[in-house]
Each structure stands twice: as C-alpha cells, then as structure tokens.
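2 protein chains.
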Amino acid sequence: MHRSHTCGELTAKNIGQTVTLSAWVANRRDHGGVIFIDMRDRYGITQTVYDPECGATPESIRLAESYRSEYVVKVTGLVRARPDGQNNDKLVTGDIEVVVHHAEIFSESKLPPFEIDDFSQANEEIRLKHRYLDLRRKPVFETIEFRARMNRFTRDWFSDHGFLEVQTPIFTASSPEGARDFLIPSRLHHGKFYALPQAPQQYKQLLMVGGVDKYFQIAPCFRDEDPRADRHSCEFYQIDCEMSFVEQEDIFEVAEPFARDLIANMVPHKRLKSVVFPRYTHSESIDTFGSDKPDVRFDMHFEDFGEDFRDSGFSVFAQAVRDGGVVKAMKYEGSKGKGIMSRSEIDTMTAVAQAEGAKGLAYIIYEAEGPRSPILKFFTGNELAALEARFAPKPGDMIFFGAGERKLVCKVLGKVRLAMRDAFGLVDKNEIAFAWITDFPMYELKDDGTYDFEHNPFSMPHGGVDAFKEGVDPLSIYGCQYDLACNGYEVLSGSVRNHNIAALVKAFEIVGKGEEEVKAKFGAVYNAFQYGVPPHGGFAFGFDRLLMILKDETNIREIYAFPKSGKAEDTMMEAPTAIDEKQLRELHIKVREHKAK
Amino acid sequence: MHRSHTCGELTAKNIGQTVTLSAWVANRRDHGGVIFIDMRDRYGITQTVYDPECGATPESIRLAESYRSEYVVKVTGLVRARPDGQNNDKLVTGDIEVVVHHAEIFSESKLPPFEIDDFSQANEEIRLKHRYLDLRRKPVFETIEFRARMNRFTRDWFSDHGFLEVQTPIFTASSPEGARDFLIPSRLHHGKFYALPQAPQQYKQLLMVGGVDKYFQIAPCFRDEDPRADRHSCEFYQIDCEMSFVEQEDIFEVAEPFARDLIANMVPHKRLKSVVFPRYTHSESIDTFGSDKPDVRFDMHFEDFGEDFRDSGFSVFAQAVRDGGVVKAMKYEGSKGKGIMSRSEIDTMTAVAQAEGAKGLAYIIYEAEGPRSPILKFFTGNELAALEARFAPKPGDMIFFGAGERKLVCKVLGKVRLAMRDAFGLVDKNEIAFAWITDFPMYELKDDGTYDFEHNPFSMPHGGVDAFKEGVDPLSIYGCQYDLACNGYEVLSGSVRNHNIAALVKAFEIVGKGEEEVKAKFGAVYNAFQYGVPPHGGFAFGFDRLLMILKDETNIREIYAFPKSGKAEDTMMEAPTAIDEKQLRELHIKVREHKAK
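First to last, the sequence lines map onto chains A and B.
Taking my numbering, I'd label the letters of the first sequence as residues 1 to 597.
Taking my numbering, I'd label the letters of the second sequence as residues 1 to 597.
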C-alpha cells in the first residue's frame, strides 16, 4: 500500500494515527537539524517533519537531506497537532503535521524548467512543452477539473431531458461545403480518403430521419483552419443537439434552460443579466449593436437619427442620409462612471473608428454647463432636442456618432462600443448576458451578381416551401436560423432544418446548384429524405468557448489538458512529424516536393 | 406545436382529451370506410382512427387514403377507449385510440428497401446503406439506447469514485510500436503528419506525471487493422483508466467492482458466475484452458497426466512425455446433459483438433457398463485409476486427450473445449464469468535468437528494477501485467507501469534498443520521467466488446449507430472517397500510381 491518506485530508481528527503518504516534495525548510517537507498531491499539501528526536530513522533523515523539489516520496509517520501559533488557516491540513518515522524515494527530479506554483510566469511555449509539469500547478489543474464537471453536468442535463447520447463516426466522408476537412488516407482503398467531421451535422439529421427523436453528444469536431485565440486548432468540442417535431420556439425552450442551469450550477458566483434571454433579429442586432454576437452586458445601443438630420446644416450627416445611408449615435454614460473621456482617450476611440474605415468619430460632451462639441454649431435646436429626447444625457455623458453606409457605420460603432467596454470597464466580469440572434438572411449577393448561401443551406426559410416561389428576391428570404451570443462571443448556432426535399433542391437552385449536384454532394441526406422525414432542428453550443467564458479565460488553449500550440503543433509529443517512406507507401501517398516561395 | 404527446404515453387516463401526435405511419387497415393507422415513434405505437362519422374532415380521410408506410403525419383528435375486446395488452397505449379530426402530411416516403419491423431479415449491406431506416427498427434502436445508458453509467461510476475525466488529444504523434497508425497530413507543416491515437497510453501516463492521480475517459481509439467480427474498423472506444500510487491489487480493487456494478445495473437479468473473479497466471490459464482469455462459465479444465503416462504402453503418450511434452485430458460431462456424443459429433471435434495441428483426438467413453475406447487396451489399471481419481467420470461422461508439445496441446484442447461449448450448449447465455489473467511474460524469443517484447514494454516487471539484473534469463521475467477475460473474450488489459527511467531503459536494452532510441521514440515519456514520477498503473476495458457481450451480439458492428462495413467503408456516407487534386495539393501530398498486381 503506497498511501493511507492523500495530502488533502488529514485534520485534527487524525491526530495520533500512523499514516502513510505518497506525494511530491513541494518545498523543504531546515531548522537546526529538523527538516520540514511540504508534500503536495492533487488533493492538497501536508507538512511533514523529519526530527531525529521524534523517531525519524537516520536513513530517513539522510534521504530528506537529499530531497529536491518535485521528488516523489513515500513516508510513514504519526499525525500530531502543529505547535501553538504555527497553524495554517489556508490549508485544510493546516492544524496538523506528520512526524516521519520512515521514508523512501520513488522517483527523483531534475530542476523543473519553471516554478510549480500558482503564479508561474513561464511563457506558453515552455509550459506546453512540459505540460505534465504545468498540470501540477493548481490553476491549470482546476481548469481541467472544471472541464470534467462541465462535461458531466452537460451530459446529465441532456440525458435527464430525454436526449439520447449517440456517438457519431469520427471517420466519415469529406463534406463539400464549409471549412477545410482534415483527411485520412485509406490503406485498404487505394487513392481514397476518409475525412474527419467538421461537425456531425449530417449524422444528426440522419438520426432524426432514423426516429431517434432527441439526440445530443459532446462531439469532437475537426476543422483545418488557422488557429486563433478563441479557436483551438485541429480539434474542438461542441454540445451537439437535434430534435424532431419541433419549431424554433421548442428548440429555444431547450437551449435557454440548459444555459441557465449551466451557469447556476457551474459558476454560482456569476449572475445572469437577464433570466429570459433577449431576442434580436440579425438585422436588429447589427443595427443596434453593430454585431451579430453583441455583448449585451452593457447598453450603449445605437439610435437612428437619419430622419432628424436629413436636412441638417451638418453636411456630413445630411449627405449620408441623401446617399441612402444612416446617421447613428450611442451614449457613453460617463455620468455613471469615470466621467468625460480625456482628450487622449477620445483620440484612441477615434483611431479605432478609423481602423474600421470611418473618417472620424463625431461626438458631443455633456458638462454641467451643457453640451460641448465642434459640430454643435451646425445643429439646429430641433436636432439637438431630438438627440436629447432619446438619450436624456446627464453631465459626464457623451454621445458618439456614425454617418454613412449602414453596414460600415454599424461595424465602426460596434467596434468603438467594444473598445469603450474594454477601456473603461463597462462590464462586470461576473455578469453573463445571453442574447438570441434570429432570422439570418439565407443568401448574399456576390460581386458577380450571383447568389451564395450566407449561412446554413439546410435551414428552413421563414415561410417554408413558399419562400422559394418564382420571382421572390433571394435577399428577402430569411432562415429559421439563430445564434446565441454570450458576452460578445457566439456560443451557439442552429436552425430549424429544411426537411422538404423539393424545397431543399430549390434552395440550392438559387445558388446555381442543380438537383444532381445536391444528390452527388449530399447523397446520404438526399437519399434519406426520400423515406419520411420529421420536421426537425437543433443547435450546437461551442463547449470550449462556453468553458472559456465561464472560467474568464481569453486564450482557448488554457482549457485543454494537452492543447495544440498557436502553430497547430503538439510540442510535447512532437506532432505533426515526418513519416517514413514505408508507412506512406502502405497508404498509397507520397509527399510533394516543397516549392521555394 | 407539432405534438402534445408522443406515441408511447397515452393511456386510459387521457380519455376525453384532445391531443396532437406527429409520427411515422407504421401500417394501415381499412374497415368499410373507417381507416386505422398505427403511428410509430421512438416511444411507442398509437392507434389512430379516421371515421367520417366521428368528426374526421373529408380532407383528413382523403389524406389517410393516400398514406403509405413511413409517411410522417400529424394528427389532432380525441382520445377514446378502444371498443370492448379490442384492447392490446402488449402496448402501453393498448387501451386507447385517437379519433382523428384533422390530419396533415409532413413528409411522404418511397417504399423502403426493407421492412421496418423487429424481425427484418434484410442483409447487412442493405441495412448499413440505409442505416437511417434500420435505426427505426426497435432492436436496433434499443442497442443504441443501451449504449447511451452504458456510457452514462460508466462515466458516473468512475466520476463517483474520484476519477477525473480528461479528454486527451485526437491529433497526436505517430507511435512507433503497436498496430498501424492512421495518419493526417498537415496543411500548415509541409510533409508532416499527425497520427490518431491507437490508445491514449502515453497521455494517461503523462497525466499521472502531471499529478492528476486518478484519470478515466471513454476514449476513442484508432487502429489501421483489418476488420473482423469482434473488432470494428477505423475507430472503437475503450474505458481508459490510470491511477497513481497504486500496486496491482489496488487496480483490481477498481476494475472488479466496476465490472460487477456494470453487470448489476445494465443487465440485471444476467448472473455473475463468481462475484469474486478467479485469478490465473498467464501460464496457468494456458495450461488449464488452453487460452489467455478463457471462458470460465463452464469447467472442462485440463488435468496433466504426464507423470502417469511416462512409461505407458500407449506409445503416443509415453513418447510425448519423453520428448519433453505433456499429456493432458479434460472431461466432457455428458452425464449432466446430452449424454455420450454421437460418432459424427466426435468426428466433428476430431476435425477441430486436426485443424489446430493435432494428429487426432483420443478419448474414453463412460457407459453404464464402464469405460470404452480403442486406446484402453494399452492402458494399465494404474493409468486408468489415475484418470478416474481425478475426473470421477459418470456414465455419459467422456475424457478427451491431447499429447505432445505443451503449447500445441493446450491450443488444440482449448479450441476443442470451445467447440464443445458451442455444439452442446455448455453455457447459459445469461451467465457472465470474469477471470483475471496475470503475470504475462515480458519477452519472447524470436527465431533468430534475439528477444522481443511479448506484451507492453512499459509494464513494471515482477521484482521491479532488480528483474533486469545481469545474467537473468529474459524469458523468466514476468510483467505486472494483466487481462480480464469475460465469457471467452478479452475485455480488459492493463499493467502496473515501469516508472523508473533506468529500469525502462534496461527493459528496452534486452530487445536491442539503446537509450537514444527510447528517447527518440518515446520522447515525451522519457522527458517527463526526469521530473518526479509517481508509481502508477491502470487498464483499459474494451467498451464496445463489453457492450457486445452484455447485448448478446456476436457482430461488433451491431453496437454502433453508424458502423463501418466489414470492408472499413461507410456505404451510406460513401467514405472513403477520392479527393480532388486541389485539396491534396493543399495538403502537400499526391496519390501513388496503382500498381497492377
């Protein structure tokens, strides 16, 4: 037996017991012939004492003198109360210490490349190369432990709500739409390749055709995309869900309670801004927050003043309206916070606007004496009154403007809004705000005058099959498709699917793809839809991204036990690697010559 | 709203309620203007009635007349009691029917390629091509549902016992030992490849170095092996588990209760032969059952009679012993079952023995009058007495012999033993019998006189580091390595790992691999083991194989929602497929010319 207790469980109740502990040496202190060793494992830290006058064998003392940090040792000894005044309230085991009688070393350790403590400042490259050491650090371990609990909570929640967990294949066929597939050459089938699923989209629809009715899975997904801070390279996980005989509202009635329960259970110290999630159509969200994944923890919504400034003396605004554009404004409530921005703060925000393509960033400052702005002199009293009627500015507040083409103005103000959030602490990091974004446009007009799918081709359009009637403008077709935004991240995407094969064929015709092409590219779904398809729909939560938000992480790599680097490498395992010729030959492939650039 | 109830929940309690159902048309019966439609979903079957005299609209009647099997329809109507004598006790909903007022069709269906019923005899190829229809069949769905419950039970059990679920990477480095890896060409790193993990072996050991202490995962594993009945191609799942500061007994104390609880919870109608699992060393198991995965549901163990027949007048036996071989025998207890085998049954068993390399299959038949056999005339009374002392044969029993080289005799008798099990129903299919097989030999002698690892190179040898002392015969080294057999299948494999880097290097030296090679091939583990390694060990249960046994399936493909075919193809999704040149170019690979054979 290597241990009778872990390093996180001995308390005053154990005083007088002989125990065996096995763990890592966290640190050592020598006090005049008596050696103190803190032993550390997953569960905690226990202080051990090697004292020749309290029964430590000479061999144990000799060993203890040889210990270095991260040695793995086993000790047997007596639990006793710590001397008065030496208790440590921060540790569960802080009232006791173990007086060692016998010790042995399981394993020695070289000097670790970084400190194994909670505040290690080692760079990510070193940490990932030695992830097995990084995992010994409490904050890193706690994230992995949080992930395990979130996995369990999620699976239990969906199972308890009647969803059947189905593991869909990891080896599948290449899907012609979407991001790049990862491929696996087949040894048994010369010149053929499996693909890893970008998501189990087709499988989950086939499960609905198969009568599974309610499905979920924490599904591994694979996309050959370039890594970025909120997207892990190679592989990531989504909470994938699909249900039959549902309309959009039925689906929201699953996703919304799940998200609420998840927050309440996993991060009870965090607060939902709104228990019922607000809803914005895609177009409203762009118009109001300049984003299809708005951060609604803070207000600063945009108001439209086009009508008010149509004939303004301020030609920038009037011209924008005459050109078919918009005049929008948002209020920065300095009155509730830090007051009016400094000159350099305003310059920073102007630079943000300019980086997004604006010429500048017009604004009005409200002081105790009233409004102040270089553009005020162009405004009529009515124009100012219109602004103030809608914003009711107080001293300390500011109003910021955007004028011009609608999409550009929304994008610019949206970015400025987020920059103000970050610069002036406009959000409470313990607040979580979800918002539904609905009614995504089905199509976009390409430069060459043809149409492409803007989002998921398999979504049911509003209006059903009739949406595709002759003569309908494709840009006027909206899908029963929705996202859920959370604190400015997209955390869910889904839709009611188009279960009518004739309508599906029509949807593809608009982007210039005939029935034969649909059949060739989506053969399984095309075939399955011939045999009785229930109306169905669903969603996928980005598991990793949700976890990142709940754990206040900004780097998605922190939430994996063994993350890939920012270059899509596993530096610890040395993946990817060159492969020997024999193995490639078995797979019927060869590597191309590297072309000089 | 598409339904107020499912097709599995309406009972007499709902009589008088107006309900909406949406489901598949299972079948239709017309009775003089009244149409009966059984509607089927995941939850059950509900009878609906279209009767113009009971409020069905003419449009509903017209629709019902157009229904074919597998149409998906929605109906609204009134729940009423079935007329006297028409109740169906086999259905939860058998006391009621729904009198349809209004109906609509969601989706039509072509004639399915096979009957959607519990007893479909369609061949596997058709079923897999249309798996979405196969899934509508109750026995198929029930297996997938069983799998979901087993997933949940397993994860809950390990979580509740303090194990942390960790998702290890699916994109990793190629591992030089073991089966063939599947490879993924990297787009970002020209000429390099990721590999899919054959098992998370290295990761779980690194988790132990990282202090995770107790880890589990239902891990997807990938091996490029040729498919067979008890091995799914491409991907399969194992219950992967590892723990720190443990010895073999501690590990058994986890695996054994898990297996017991799994049986008790998932298949309560099945019975464990022995609550405490018997243990056999690898060598004992071979000597006693002729297999390292013995089916111990029935006895028929081998007894050794070498000493008794050393000087026998039966020269086949005497010669075998003189040549250093064995004489083994097992008793077939016809007295408890069908009595003595027929001539043709004996011939069949002899053919089994011969197929395995035996010259024949000697036997003695016990009749009421006493023993009878062509070889009896060569036996002395003492020889016969020795046999009878150990087997105590009754009339109806038979004794079968094998003589010659030990491994061959064990293999032959082992196969004959299983052939008798199958031919004469010697086991109860509701009985489950586990057995531990321990102490696997570390090395095997190759034909060229050098040694190779017989099993896992990372196992700790019995005797620890000292096992590798100078002059020790490698064939005398046994690993702390074990399997768990269940009803004749290997369902678990594991070991106490060798956590001592010096000993690990020695283990590899015996097979001619130096330290530099270990470092190059197992870099992550080699590096990690420099920084304080706890003693650790674990196991992996074959999740799919366990499930197969619990569900009495003999074809492992039955236990996946979307299985690969016996040729490693997904015929429904058409994977693997050819890939276009552009995509291969991005991955820096090309397909080799197909050589004519």
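Honestly, I wouldn't trust all of these hints.
[Unchecked claim] What follows is a list of derived Cβ distance ranges for each label pair:
id : chain 1 : residue 1 : chain 2 : residue 2 : range
1  : A       : H102      : B       : G337      : 33 to 41 angstroms
2  : B       : M1        : A       : P278      : 42 to 50 angstroms
3  : B       : K513      : A       : K567      : 50 to 58 angstroms
4  : B       : Q121      : A       : R231      : 25 to 33 angstroms
5  : A       : K407      : B       : P139      : 54 to 62 angstroms
6  : B       : A351      : A       : G178      : 53 to 61 angstroms
7  : A       : E145      : B       : N265      : 43 to 51 angstroms
8  : B       : G464      : A       : P58       : 22 to 30 angstroms
9  : A       : E247      : B       : R260      : 43 to 51 angstroms
10 : A       : E516      : B       : D447      : 57 to 65 angstroms
11 : A       : G178      : B       : K590      : 18 to 26 angstroms
[Unchecked claim] Derived BS3-like pairs: lysine-lysine, alpha-carbon spacing no greater than 30 angstroms straight-line:
id : chain 1 : residue 1 : chain 2 : residue 2
12 : B       : K513      : A       : K590
13 : B       : K513      : A       : K595
14 : B       : K293      : B       : K429
What the hints contain is simulated information worked out from the structure, not anything from laboratory work.
Backbone N, C-alpha and C define an ideal beta-carbon position, used for all residues, glycine too.
Structure-based check of each hint:
1. H102(A) x G337(B): 33 to 41 angstroms: violated (59 angstroms)
2. M1(B) x P278(A): 42 to 50 angstroms: violated (23 angstroms)
3. K513(B) x K567(A): 50 to 58 angstroms: This hint is violated: roughly 31 angstroms between Cβ atoms.
4. Q121(B) x R231(A): 25 to 33 angstroms: At roughly 48 angstroms between Cβ atoms, R231(A) and Q121(B) fall outside 25 to 33 angstroms, so the hint is violated.
5. K407(A) x P139(B): 54 to 62 angstroms: The hinted range 54 to 62 angstroms holds for K407(A) and P139(B), with Cβ atoms some 55 angstroms apart.
6. A351(B) x G178(A): 53 to 61 angstroms: holds (56 angstroms)
7. E145(A) x N265(B): 43 to 51 angstroms: Violated - the Cβ-Cβ distance for E145(A) and N265(B), about 26 angstroms, lies outside 43 to 51 angstroms.
8. G464(B) x P58(A): 22 to 30 angstroms: Cβ of G464(B) to Cβ of P58(A): about 24 angstroms, so the range 22 to 30 angstroms holds.
9. E247(A) x R260(B): 43 to 51 angstroms: holds (46 angstroms)
10. E516(A) x D447(B): 57 to 65 angstroms: holds (58 angstroms)
11. G178(A) x K590(B): 18 to 26 angstroms: Hint holds: Cβ distance 24 angstroms, inside 18 to 26 angstroms.
12. K513(B) x K590(A): holds (29 angstroms)
13. K513(B) x K595(A): violated (37 angstroms)
14. K293(B) x K429(B): holds (17 angstroms)
In the structure shown, a violation is registered for the earlier hints numbered 1, 2, 3, 4, 7 and 13, in ascending order.
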